[in-house]
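S.K.: Residue numbers (the numbering used here), protein chains in the order written: chain D, 1 to 596; chain G, 1 to 277; chain L, 1 to 133.
Calculated from the structure, these hints are not laboratory results.
As the structure is a computational prediction, the values presented were derived from the model and not from experiment.
There is no bait here: all hints are sound.
Have a look at the derived ranges for each label pair, beta carbon to beta carbon: (1) G240(G) to Q7(L): 30 to 36 Å; (2) A27(D) to G110(L): 52 to 58 Å; (3) W225(G) to N71(L): 30 to 36 Å; (4) A27(D) to Q7(L): 40 to 46 Å; (5) G95(G) to G39(L): 46 to 52 Å; (6) Y324(D) to G39(L): 56 to 62 Å; (7) D10(G) to G321(D): 39 to 45 Å; (8) S15(G) to N71(L): 48 to 54 Å; (9) S2(L) to Q55(G): 19 to 25 Å.
Built from N, CA and C at the ideal position, the CB exists for glycine as well.
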Amino acid sequence: MKQLTTDVLIVGGGGAGLRSAIAAAEAQPSLSIHLLSKVYPMRSHTVAAEGGAAAVTLQHDSIAAHFEDTVAGSDWLAEQGVVDFFVKHAYQELVQLEHWGCPWSRQASGQVQVRRFGGMKTERTWFAADKTGFHILHTLFQTSLKYPSIHRLDEYFLLDLLVHEQAIVGVLAIEIASGELLQILASSVILATGGAGRVFQFNTNGGIVTGDGMALAYRHGVALRDMEFVQYHPTGLPGSGILITEACRGEGGILLNKDGYRYLQDYGLGPETPLGQPQNKTMELGPRDKLSQAFWHEQQQGRTIQHPQGDVVHLDLRHLGQRYLLERLPFICELAKAYVNIDPVTAPIPIRPAVHYTMGGILTDAHCATSIRGLFAVGECASVGLHGANRLGSNSLSELLVFGKVAGEQAAAHCSQTKVSDAVMQELTDKAAGPIRQLRQGDGTEQWADIRQQLAQTMEQGCGIYRDEQGLTASLLAIADLKRRYQQLKVGDSGLAFNTELLHALELGFSLDVAEAMCQAALLRKESRGAHQRRDANYTKRNDKNFLQHSLAYYQEDQAPRIDWQAVDCSMMPPAARLYGDAAKQQAASTSEKPV
Amino acid sequence: MKQPETKPSDMQHLSVAIQRYRPEQDDTPVWQSYQVPYDDSTSVLDALHWIKEHQDSSLTYRWSCRMAICGSCGVMVDGTPKLGCKTFLRDYPQGLKVAALANFPIEKDLVVDMSRFLQHLTTIKPYLIGEPSLVQAGSASAGSDQPSSAALQPQLQSPEQVKRYQQFANCINCGLCYSACPQFGLNPEFLGPAAIALAHRYNLDSRDQGKAERQPALNSKDGVWSCTFVGFCSTVCPKGVDPAAAINQGKIVSTMDGVIQWFSPKQLDATPQEPTS
Amino acid sequence: MSRKPYQPSMPADWWLKHPAYRFYMLREATVLPLLFFIGSLLYGLYCLSQGEASWLVWLSWLQQPWVMALNGLALVASLFHAFTFFRLFPQVMPLRVGSRTLPAGWMIAGQWFGVLLVFLALWWLLGAYHVIN
Ligand SMILES: Cc1cc2nc3c(=O)[nH]c(=O)nc-3n(C[C@H](O)[C@H](O)[C@H](O)COP(=O)(O)OP(=O)(O)OC[C@H]3O[C@@H](n4cnc5c(N)ncnc54)[C@H](O)[C@@H]3O)c2cc1C
Ligand code: SF4
Ligand code: FES
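Next comes chain D alone, as it looks inside the complex (with noise of 0.2 Å):
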């Protein structure tokens, strides 16, 4: 086995990855930084990312406003501390990466331009085009190429993490091309292995998005919180769940059901605006999960239309005409025309909800830390506390900034000179070598693809836009079982060499823990509250007395999650009613009457 002793090992390429790297070296360039990614860095999903990254940016904008909509937006369950350091950093991390080379949007006088999105008070989301991941996630990785102390370990597939004595002491991985394991001896770590949407059937993820590093962390007893908030995706193409950016809707597009007519005005988001003058947090630019479950009740009453990839609404942009679509949203023409054949000059493109992001993750405190001592996590695999029981769009990508620069410096200033014995090295190594020892060797009947298509479809049958204890009962039935088979694993390919079909299986192992965590917490969770609405009589309504409060997941072998409640920190704005469209107006034209 081959061995590589380093100071601060960094675990993922996707932004956060690369920020945090960047943040490392820059806090202390004598560090040996290793930056281990199972892609290349630039194939990690926030390349797919199109949508852009929120800061205050406008003179008639505040940071009090963008902390209100990301708390609001939360439905209060965010950590209000964090939101708060978050809100006042974000500008300057989009700046700093303006400095690095992004190409923003600019307006003609030069500045930077921003663009409304769902849920956001004022317009404040930076974009590149639409394709604000892609040119964030290139900006990074090439910039990080300005350093010569991180060092690239590319793709290297991490199989668990070594941890002693509640500290973390190493990671064991595998080179992917050669087969051969990996001994990594660090003692500051950091998570940044993104999130886990492919544990559902449609979704905007790539297949890389499994859940791992949530998995491994969580396996080592550090506690996934909120586990229950999945957020879906209003707009994702049939079929394949490709997404179809929200910015569509920021630009003035609109949504149809199958009698042509706008129908989010019967959910609470009206009253109905204008074609071509969208307003921030009405209609179309309500937030996400209110949207998605507007198509859930539409679908229920035969209002979708027929598609051959299942039932579809329609996003309409043809009255934004071609040159400005052209010039806006070129990704998303190109996208349609490919995976659909639709030229949304021309017609409507038909859309359906699609699973999109995990707003949980391995808990750790605001410094980005977890349980475990030097282990840090950031970006989509972790919990900081910002996103609560909803994201708000544009708010993560920030987010792989300001707190890959956070963890990035932490995990620099941790970093020591790990004292564990060879013998302990060597018993830690050969636990953590065990599921893919036992995979190599296994002899059983079962292929991982059906495994992963049954989570996948059991997922969205129990824990999908609506739940009820009946439905989540039985995917949980149903993963345990999975987990069983799962035991009984054939991995067709002996080959060492770029064995995919390996790699698929432990990923598959992830997510199935991920799985399991995320049905647990939302059978526990009984109340409706941003992403996670129960349909179950009692439960229809957010209930601040009882679930006010975080859930935390615990790991158990052999059984379903222990599932703990962490208070919130609501220290600098009361839960309120969380009010979209004119009910919206309403309320905040009654609390500004009242006097202070």
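Chain D is fixed; fit chains G and L with the ligands onto it per the hints.
M.R.: This is chains G and L with the ligands only, laid out in the frame that chain D set:
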């Protein structure tokens, strides 16, 4: 991945031949044929998934985003470099042949060794070089209660200035252009289309002052002058980057450099200086 | 070692393997008939310097079918080369007018227009020559 609503058995089938290479058992690549169910929306990548899940789980290929933006899934389809996720079976009614990207060493099946490509990208210093002016008059000012107003502010750049380099910033590093380039096939030291396009992207950026640092690599024999303008790189590029344009615009820059150096009195110390910071 | 990368080699006839390469080779091959054309011109110049008899020999040489055919080919080749060159030109030298890049189609059309002007000028010159004689 895509799950067609209709059952595979009711669907039309197409013959997909795939070049296999399993390093632990083959000495040279071999062809293997599969019958794959397909409909109007089945991409080459979907076909590979179907084979891996139903016929041969050892089939190996790279992919992730399945939406033509991550650059993982480049393969040769009937001898032309393509993104698997953006190439559709419907366009090959007679069947198709899929092989690993040409001009790269093959690791396994459709997976090639990209390290040379990454090395070339690194060589051209693809990042902004030079001290940005810290505070620009009239730059976008942050909201009223922005904490530190003396901090970094965005530099100004007009939409026209963005447009100058934007096309070359759209490269997804898929490597198709390297597979299309016979000069890279003959000489892997050639920096190649995407790397030169990226260098050009930064050279054209109004915020950059690093041209002098990038130019030596571009002017060298493995730089722009290795290109004979076959132009196929630009044809196959899935993102309209037009790397051939970048290289040949680079030749003009390189020539001007040469001319200027020729006439420059201090010919001997014309080597670029590290920018002082 | 489980890794054993297979290094494919470029076959000597790589340029026959893809329509795009054949097109490229054809473009490069246009130089051959053009060389012949230049050769004939040089031969003509030489003959001119040798006096009228020699000049007449050259003229009759020129009228041989195979020479005419090759020179015809050279004309086609040069037009083809112009066609490929004009198409590549906007890539090498994009022209910007104000904030917009001139569409490639316009530049290509412009170049052919230039060719037309040159033809017309030649035509006119030749016409004037005939009138003088
Ligand atoms: C289609 C789409 C559009 C989006 N649009 C927006 C938007 O407009 N605005 C916004 O704010 N947010 C958007 N988001 C959300 C946002 O893009 C993501 O939350 C964010 O990019 C996640 O970044 P990350 O760095 O945490 O993870 P990723 O970019 O997913 O990177 C994860 C990294 O971890 C590595 N990794 C994972 N597992 C392992 C392992 N076992 N071993 C080794 N390496 C591993 C991977 O290789 C990868 O490099 C969008 C998301 C999607 C899917
Ligand atoms: S220039 Fe085009 S073909 Fe070449 S790597 Fe970039 S996107 Fe791919
Ligand atoms: S899978 Fe990402 S480009 Fe094809």
